[in-house]
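**Student:** The primary structure of each chain is shown beneath.
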Amino acid sequence: MAISGFAKTQNSEIFYLFRDGRFKVSATRLMSIAIVGFVTLISLSAFIFLIWKSSDALMREGLSFFSTANWHFRDHSYGALALFLGTVVTAVFSLLICAPFSLFGAWALQNLRSEKLRLSIEALVTLMASVPSVVYGLLGILLLRPALLQTFSFYGMETGGGLLTASILLSIMILPTLFSLQLESFSKLSKKYQEQALSLGLSRTKFFWSIVFPLGLPAILSSFALGFGRAAGETVAVFLVIGRLDNKLPTEGGWIDYLLNAGQSITTKLGGPEIFISYQSPQHESALLLLALCLVLMSIGTSSLLLTISKGKV
Amino acid sequence: MFIRALFSLGMGILVLSSQAEASIKIQGSSTVGPIVVKAAEILKSNKDIDIVVDTFGGSAAGLSSLASETAQFGMISKEISEEDKKKYSNVHFTTHLIGSDAVAMVISKKLYDQGVKSLSLSQLKEIYEKKITNWKKLGGPDQKIIFLNKEPGRGTWEVFVKAVYGQGNVPSISHLEVGSNEEAKSKVINTPGGITQLSVAWAQKDPRVKVLGLSIDGKLILPDEHSIRSKKYPMARNLYLVSSKPLNDGQKILLDFLYSEAGQNIVEDYGYLRVRQNTK
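Residue numbers (our numbering), protein chains in the order written: chain B, 1 to 314; chain C, 1 to 280.
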């Protein structure tokens with residue numbers, strides 16, 4: 001918010017080369033225009049390239065691209081329903097798993113008496129964000145997969161890798177994002193209302209549920225938006241634990257089987273080797289790029305939706 | 001300050017471009033990978049040639065990176081098929097044979113000890129098409145068969161399909177996908193009831209996995225040196241480096257090294273077969 005406030009005090013004057021009847025040209029001004037133009041051009045052209053390349057697949061496949069689960073590139077059939085479902089399910093489940101930990105963890109930390117301990121725990125969680133995702137993926141293979149296989153093999157888990165494993169791994173990865181945003185909002189609200197709450201004799205639990213949580217909801221939602229974006233876009237770690245089974249839908253063996261066993265998401269499909277195989281097969285390439293475009297639109301969509309809900313109320 | 005920054009930027013670009021000149025980029029099969037990586041290490045210290053090896057995407061990536069000119073050598077662990085020739089009709093591939101290997105069907109040692117010792121090609125076909133889904137039918141324990149399929153584009157997969165289906169059509173069935181040899185091996189160890197296609201050399205080095213024999217016309221054939229060389233074993237294959245352009249000096253040095261006694265010893269160290277049988 002501070003940044004947008006700062007941006008508002010600026011105006012578009014910097015772009016006017018001609019004003020008040022005379023030229024105002026300086027190296028800084030030219031350079032800034034050039035750089036802004038360059039950045040805009042790059043981001044726009046990437047987007048336009050995606051749309052242009054993927055339009056072919058969209059025309060050919062039409063709705064069946066989104067409504068069927070038969071991705072067999074050797075038969076030139078591209079139905080990506082299972083991929084979309086995989087991405088949404090892993091992202092939503094990782095949020096569901098992560099939400100209680102981050103919410104109550106942040107609130108507990110906010111109420112911790114020892115400043116030293118609080119800061120060090122906060123630093124530790126923030127540091128989790130800087131761990132490369134491939135490291136999480138390896139930890140997932142080495143620790144999570146065998147542990148889950150042992151726990152859930154009774155319920156029909158076959159390999160230890162699957163959508164549930166991916167969701168749990170993702171929930172650990174998005175924890176710092178959710179945690180730090182929520183902690184910031186909680187500490188602001190605490191500072192603002194703590195004295196009043198104490199003077200009214202509210203307990204900490206009551207204080208949280210009746211004041212901090214409802215007032216902090218916009219911040220919580222925006223942290224969910226960012227978490228969702230990260231979870232849906234994560235590739236390497238998910239790639240290593242999701243099992244990579246194409247065209248699996250919950251209609252095959254029920255939701256429990258679907259969650260426990262291998263699946264595929266958009267990112268793991270794109271991260272796989274198919275882009276090499278698609279060489280000189282424009283149909284295949286176009287279908288892959290359509291997937292990429294959908295991923296971009298999905299993360300832009302959810303982020304902007306949730307950010308509009310939470311706009312300006314922190 | 002500004003000038004200094006520009007200067008260092010220029011130096012950086014110079015260093016980068018001079019490095020790019022002397023380095024060879026090689027992409028492709030993870031079966032051929034270790035040989036070339038080892039050779040690259042030796043050539044790096046002896047002759048100061050930079051060789052970058054990337055096994056992402058397997059044999060298909062080896063060919064496509066040659067076609068898109070992002071690599072100088074492709075590594076493939078299969079023959080160049082008619083389909084490939086059609087696909088890359090504008091590229092002229094030259095293959096350089098550096099060794100031989102075979103694809104084996106591999107299961108965990110536990111499963112092997114429980115009674116699964118060999119498969120026939122028709123059984124393999126039925127497993128691939130999910131018609132046989134339990135090891136019980138194949139003399140093993142009551143356990144679901146988890147087929148860990150090499151991902152599309154891997155040379156291993158193509159060799160497997162050619163042996164099982166010949167020139168016929170391969171049905172489109174979704175399986176669990178594994179990428180490199182290392183991944184296939186570790187997953188078959190950790191997955192109860194798992195079976196995968198794996199390079200024989202990789203399988204034989206690890207006591208935790210066992211190679212299944214193939215029974216053909218009632219005769220059990222194991223992928224040993226004799227049956228691979230005589231091509232009796234249906235999934236025998238050659239390992240190639242592929243180039244699409246006239247070779248430069250660095251490439252020639254690498255090939256000469258791989259053909260030399262020392263180079264062929266590396267091939268053998270990794271469990272593959274040398275190009276020519278050692279007559280010593």
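Derived from the structure by calculation, the hints contain no laboratory data. These figures come from a predicted structure and were not determined experimentally. Misleading hints may appear alongside valid ones.
In the BS3-like style, the derived pairs of lysine-lysine whose C-alpha atoms are separated by at most 30 Å in a straight line are [what the hints assert, rightly or not]:
no.	chain 1	residue 1	chain 2	residue 2
1	C	Lys85	B	Lys53
2	C	Lys231	B	Lys53
3	B	Lys311	B	Lys206
4	C	Lys86	B	Lys53
5	C	Lys131	B	Lys53
Interface residues of chain C toward chain B, partial, derived using beta-carbon atoms under 8 Å [claimed, not checked]:
no.	residue
6	Asp54
7	Gly57
8	Ser64
9	Pro141
10	Lys144
11	Ile146
12	Glu151
13	Asn190
Beta carbons are placed, not taken as given, at the ideal position from N, Cα and C, and that holds for glycine.
**Student:** Take the hints in turn and mark each one as holding or not.
**Tutor:** Hint-by-hint comparison with the structure:
1. C:Lys85 x B:Lys53: Cα-Cα ~25 Å, so holds.
2. C:Lys231 x B:Lys53: Given that 30 Å is the threshold and the Cα spacing comes to 44 Å, the pair is violated.
3. B:Lys311 x B:Lys206: Given pair Lys311 (chain B), Lys206 (chain B) holds - Cα atoms ~26 Å apart, limit 30 Å.
4. C:Lys86 x B:Lys53: holds, 23 Å
5. C:Lys131 x B:Lys53: violated, 39 Å
6. Asp54: violated, 11 Å
7. Gly57: holds, 4 Å
8. Ser64: holds, 4 Å
9. Pro141: Pro141 (chain C) check fails; min Cβ-Cβ to chain B is 14 Å, beyond 8 Å.
10. Lys144: holds, 7 Å
11. Ile146: holds, 6 Å
12. Glu151: holds, 6 Å
13. Asn190: holds, 7 Å
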